[in-house]
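> Numbering that gives the first Met the number 0 puts the first residue of the sequence shown at 0, with every later residue one more than the last.
Hint data in this document are derived by calculation from the structure and do not stem from the laboratory. Do not take every clue at face value.
Each pair of labels, with its calculated beta carbon distance range [claimed, not checked]:
no.	residue 1	residue 2	range
1	K22	E107	41 to 49 Å
2	S143	P77	31 to 39 Å
3	P135	M100	19 to 27 Å
4	A144	V98	23 to 31 Å
Small disclaimer: the values here were computed from a predicted structure and weren't measured. Ideal placement from N, C-alpha and C gives every residue a C-beta, glycine not left out.
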Amino acid sequence: MAARPGEFTLTGWLDPVFDYFAKQADIPLADYTAVAGAEGIGASIEFITDLFTKGLLNKAINFLVGITSAGYGIWGKPTPQRLRRELITLGQHALTRVVDMKPSDALELRQSIDTLVEGLRLGDTSRVAEALLRSPEELRQMLSALGAPVSPAPPELPSAPLAPPLVRPTLEGAPPAAPLPAPPAPPLPPSAPLFRATSDSFQPPAPTVAKRLFRETLG
Numbered sequence: 000m001a002a003r004p005g006e007f008t009l010t011g012w013l014d015p016v017f018d019y020f021a022k023q024a025d026i027p028l029a030d031y032t033a034v035a036g037a038e039g040i041g042a043s044i045e046f047i048t049d050l051f052t053k054g055l056l057n058k059a060i061n062f063l064v065g066i067t068s069a070g071y072g073i074w075g076k077p078t079p080q081r082l083r084r085e086l087i088t089l090g091q092h093a094l095t096r097v098v099d100m101k102p103s104d105a106l107e108l109r110q111s112i113d114t115l116v117e118g119l120r121l122g123d124t125s126r127v128a129e130a131l132l133r134s135p136e137e138l139r140q141m142l143s144a145l146g147a148p149v150s151p152a153p154p155e156l157p158s159a160p161l162a163p164p165l166v167r168p169t170l171e172g173a174p175p176a177a178p179l180p181a182p183p184a185p186p187l188p189p190s191a192p193l194f195r196a197t198s199d200s201f202q203p204p205a206p207t208v209a210k211r212l213f214r215e216t217l218g
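Working from the sequences, and respecting the hints, build out all of it.
Dropping the structure here:
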């Protein structure tokens, strides 16, 4: 039995796809499509979240989708029965992805939490984004693994060559330091001109006063 006209469903548009399988399984078409279609919708949501998010954010989105869908399907009494069955199936699919983790998922979740805590502590928004979202390189690798045509990563620009490290002088094996130049000698004081003594110009020095008085007394 297909969806009734005017009844809102998530999987009504998939009835023609699952009609053959529902007849072969002898299950009402609405029940078969509600379960199989909701599982397919849940897998599509899971694929999109895995493609763009990781770690803690990925688990949080699955938990919110699961708890909202399952809760509305269980306690939403005015909701049509088929839609409730779809929501419960979708919610269970999302909630099982929160607790069902491969070893690689557990490692990624741990790294995401550590990076997120470090980014919040340092106030580094780039670290927070790195902890929750896929980087362009990760997204490119995932699409390439799925066979999607992916443009190659732009080549990295060559970085400027690093300056050679400064050589610290050591005492061992170092050549002897050149002696400092001697300071210039101070200029000599001006000297009095020297005259050469001759027989005409030479005069003996005058006797002292005491000798002159002594000679005058004796004489």
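> All hints are to be evaluated individually against the structure, with a verdict given for each.
Hints and how they fare:
1. K22 - E107: 41 to 49 Å: 43 Å, holds
2. S143 - P77: 31 to 39 Å: 47 Å, violated
3. P135 - M100: 19 to 27 Å: 25 Å, holds
4. A144 - V98: 23 to 31 Å: This hint holds: roughly 26 Å between Cβ atoms.
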